[in-house]
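Trainee: Take a look at the letters that make up each chain.
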Amino acid sequence: MDQDPWLLKTGLARMLKGGVIMDVVTPDQAKIAEDAGACAVMALERVPADIRADGGVARMSDPGLIEKIMESVSIPVMAKIRIGHIVEAKILEAIGTDYIDESEVLTPADENNHVWKHEYKIPFVCGARNLGEALRRISEGAAMIRTKGEAGTGNIVEAVRHMRSIQSEIRIVVGLPEDELPSYAKSISAPLELIKDVHKLGGLPVVNFAAGGVGTPADAALMMHLGAEGVFVGSGIFKSDDPAPRAAAIVKSVTHYNDPAIIAEVSKGLGDAMSGIDIKTLNPEDLLATRGC
Amino acid sequence: MSIDSIVPKARIGILALQGDFQEHAALLSKMGCATVNEVRLPKDLDYIDGLIIPGGESTTMSKLIENYDFRSSLIQFHGENKPIWGTCAGTIIIAKEAEGLDPWKPLDLIDISVQRNGYGRQLDSFQANLTIDKLKPQTPFAGIFIRAPKILSIGEKVETLSILGNNEPVAVKQKNVVATTFHPELTGDFRFHQLFLELVSDNLSAQVKET
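Line order of the protein sequences matches chains A and B.
Be aware that the first sequence starts at 1, since it is given in the numbering used here, and climbs by one per residue.
Be aware that the second sequence starts at 1001, since it is given in the numbering used here, and climbs by one per residue.
What the hints contain is simulated information worked out from the structure, not anything from laboratory work.
The structure displayed is predicted, hence computed values, not measured ones.
Computed cross-link-like contacts, EDC-like style, restricted to lysine to aspartate or glutamate with a CA-CA straight-line distance of at most 20 Å:
1. B/1043 - A/265
2. A/121 - B/1124
3. A/31 - A/241
4. A/31 - A/242
5. B/1030 - A/197
6. A/90 - B/1124
7. B/1030 - B/1198
8. A/31 - B/1102
9. A/196 - A/178
10. A/31 - B/1099
11. B/1150 - B/1102
12. A/31 - B/1066
13. B/1030 - B/1189
14. B/1043 - A/259
15. A/200 - B/1189
16. B/1105 - A/35
17. B/1150 - B/1108
18. A/239 - A/45
19. B/1082 - B/1038
Short, incomplete list of chain A residues facing chain B, as computed with Cβ under 8 Å:
20. 34
21. 96
22. 255
From the derived model, a few chain A residues whose C-beta atoms are all more than 10 Å from chain B:
23. 218
24. 241
25. 273
26. 293
Even glycine gets a Cβ: it sits at the ideal position worked out from N, Cα and C.
Kindly generate the complete structure, drawing on both the sequences and the hints.
Mentor: And the structure:
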């Protein structure tokens, strides 16, 4: 029968909803994440906080490391490629990674073009700061969206800004009369067909997670309140004092984001969160979110 | 097809610990189901007549089920003969045995043994046309299998509703418990949900007769 790859690609993201995807750099960390209840892990060589600290060019991780992480856990394994790096994408597809994150956290390989993601059997997730960016990525074939936030800072402020922008622009599109959709689509550089989808569905046609700066259970629950359908935690877990309990607490806090008593309970005694960076102290060239718009 | 007669009084809950519970809820609401509740804590089970355990990550759900006495509450819900339907990860949760979730013990609500990710990783996810005799109208049903579990064996009392290939059960039923390894909530085709609503509704009528 006819296969609908789009349904399989967006469908996997739907299975991740209400869950937490954790950055891990070793098979041991992947096991800790799985045991804590992560719904997937992001396999990489360095978490964003270290990429930020080390400087230089950040590339796709060693495929051998990604394979080791894939062997160590039973949950889906994602991995990052540089924006526009077609061959890194082919490599991850060849080793059978479950999801590819075409990520601004790595140094972009192409400053003008993203990967044409429709051609791949493996689904892609991409970052976005607003509705226009999200719909441009979806038109290129992204089967899942996440906010960009500002990765590796432990500071939630940018993720909040991006999620609020996306949700508020969705509300605008839903409220517009049909004949004003083309001009709005043009104003945010989004494809009209996808704007029509948003208008009809009342939301994005794919799953939308929060990412970039989540450090605490309360941060994760905050993003769920703002409309995230799940949460990525990058440096926030394994750069904290005591990763395992923090990871488990963030998982619970995403499920019970509407229940402050539970969030309070799971937030107790977790030790120090990652130290974090005030975004205002960063130079414009150090911001990752402005890469690949 | 008329579902008006069975929809109004059946209150359906969807286990909302993790996974695609909203997809189930959206489809049920579209069908006209008036009461569709998200079940996040055991007390939420008190207000529903049938429960769907959705797709998602079975490891995540298995961890969250061990909190707040959920395990015993779900077993009690089943003990009260209330219908339960597991889709994909939900099937793993309610199975008798689940390979690949050790040392966690599934809830043992239906006599089947399953293997997690039995068909492979995401690259092996697939779609297949299924024949399901009980559906009305009786035309092929699009089965969406995403990192799906495989049913390795079924007990004597388990009825097979649909098979893949020669002899692989993908939809099974034992009394009031239904399990599917695919995702009827993803295609917009609500015939399988209708089947479950009928089960819940029949069960409600049977309870009324008893009392």
